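Residue numbers (mature numbering (1 follows the signal peptide of the UniProt record, and there is no 0)): -22 to -1, 1 to 459.
If you're looking for bench data, these hints aren't it; they were derived computationally from the structure.
Small disclaimer: the values here were computed from a predicted structure and weren't measured.
Now the in silico label distances, taken between C-beta atoms and shown as ranges:
| hint | residue 1 | residue 2 | range |
| --- | --- | --- | --- |
| 1 | V231 | E202 | 29 to 35 Å |
| 2 | N41 | R385 | 32 to 38 Å |
| 3 | A216 | N53 | 21 to 27 Å |
For lysine-lysine, the following DSS-like pairs were computed, each having C-alpha atoms within a straight-line distance of at most 30 Å:
| hint | residue 1 | residue 2 |
| --- | --- | --- |
| 4 | K392 | K205 |
| 5 | K378 | K205 |
| 6 | K185 | K392 |
| 7 | K378 | K212 |
| 8 | K205 | K369 |
| 9 | K369 | K212 |
| 10 | K367 | K378 |
| 11 | K212 | K367 |
| 12 | K54 | K228 |
| 13 | K228 | K212 |
| 14 | K205 | K185 |
| 15 | K378 | K392 |
Beta carbons: idealized from backbone N, C-alpha and C, even for Gly.
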Amino acid sequence: MKLSNTKYLPALSLLLSLAACTVGPDYQQPESLVPAEFKYDSGWQTISPQSWAAQGDWWTAFNDPELNLLINQANKANQTLAQAEARYRAAQGQWRLARGDYSPQFDASLSGSRSGGDDVSVSESYSARLNASWAPDLWGRVRRSVEASKAGMQSSAANLVAARLNIQLAVAQSYIRLRALDLQRTILEQTMEAYERSTTLTTNQYKAGIVPRSDVIQAETQRESLKADLIDLKNQRAIEENSIAVLLGKAPVNYALAPALDLPELPELPASLPSTLISRRPDVVSAERQLAAASAQIGVAQAAWLPSFSISAGYGVSAGRFSDLFDAPQAIWSVGPSLLQTLFDGGARRASKDIAVAQYDEQLGAYRQTVLDGLAEVENALATISLLKEKAEQQDILLKLAEENERIVNNRYKSGLVSFLEVATAQNQTLNTRRTRLNTAADRLQAALQLAAVIGGGWDLNDPVVQSVSFKAETDAEELE
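Using the sequences and the hints, build the whole thing.
Next comes the structure, spelled out in structure tokens:
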């Protein structure tokens, strides 16, 4: 029988037209909540947006080889990142699983049985069968499921980028805190030398009957207090060093980082920063893709209201003995369509659609909140960077004044014009100013790190480096579609 018989053409045309139908809403990305400019951009102008995944090696802007090495090690060995990569592979598998519903299903079976009874002779029966079935996607249920799974996979890819960015940021933050502690220790050790000299001077003057015993006690108390501060610094450094070890996927007992003599360089900030950079943040991308997945699930729920159609065919053989199964056996075949429509389900389909719509509304709120949180974080980072620059300049002035005051008070003390209390006060003021100045420098570096994080990883908009895994989901989708 020829398949060119024209009586099958109308039915085939109807089937193809139905297969092109897709129920449910077509996803539209919500209107952007991103403003044209930032509140604390200090005159920065908006420029064209770039890809959210074009992060590159943003940490190299701090020009610290040790920091580069640590982050590269964390990228390879961090266990939190390994978990995110595993979740991404699972999302890829879920997408491939959803696509499997497009294809026909083929089954093969082989069975045998032996039966008998008190008054029935024993008989044997063997059969082999091939079955094929296909359910055309008339209403787009499979297409919407694949759409949801693809969006979920893209969300997982964005989550992987976010996890990598968070690990990189955590390493850099701990590294800067550790380096600041190293420099704090240097300041305290230098101050300890000055305190030792003051204690020796005061002791000699006491022995000469120039100053009272209380001056000696005060000098010794100041020195011992500084020793306690040094112990606290050692403890804080040990904690930061252990944190870095864990981020690198190493046991703390097997890791040590040598002290440093300086902080990383403060990178130059861009001449312009676009507010649209917020759209490339991995968490914003993930939230938007989750919203797209929720939209597709509404279509899946709506398709459940419509009848399902399938075509199946089978061919098999049967025989009384297994040895005769493939030697002139009895052939059995079947072919035909089926149509299934659920008439009553106690409200299950309506409830499923209500759930899908509610979940979409939830994801819409989550997406908009993520954007708002991101905008606030960028504003905070920009404000902090701007104000800390002013604070650093003020700290330079204060340090010069404190050092000059300490020099004058020391000379007056040696001349017997003031008590040691004034010397101690001047020395403590110089120490506190030096420590505050260092903390401000470290805070500026932390603010630069935070800015890199809140705009999705760095600010070099011409950086051609792209995290490969970020676009792997999109590439896979384009190749298979």
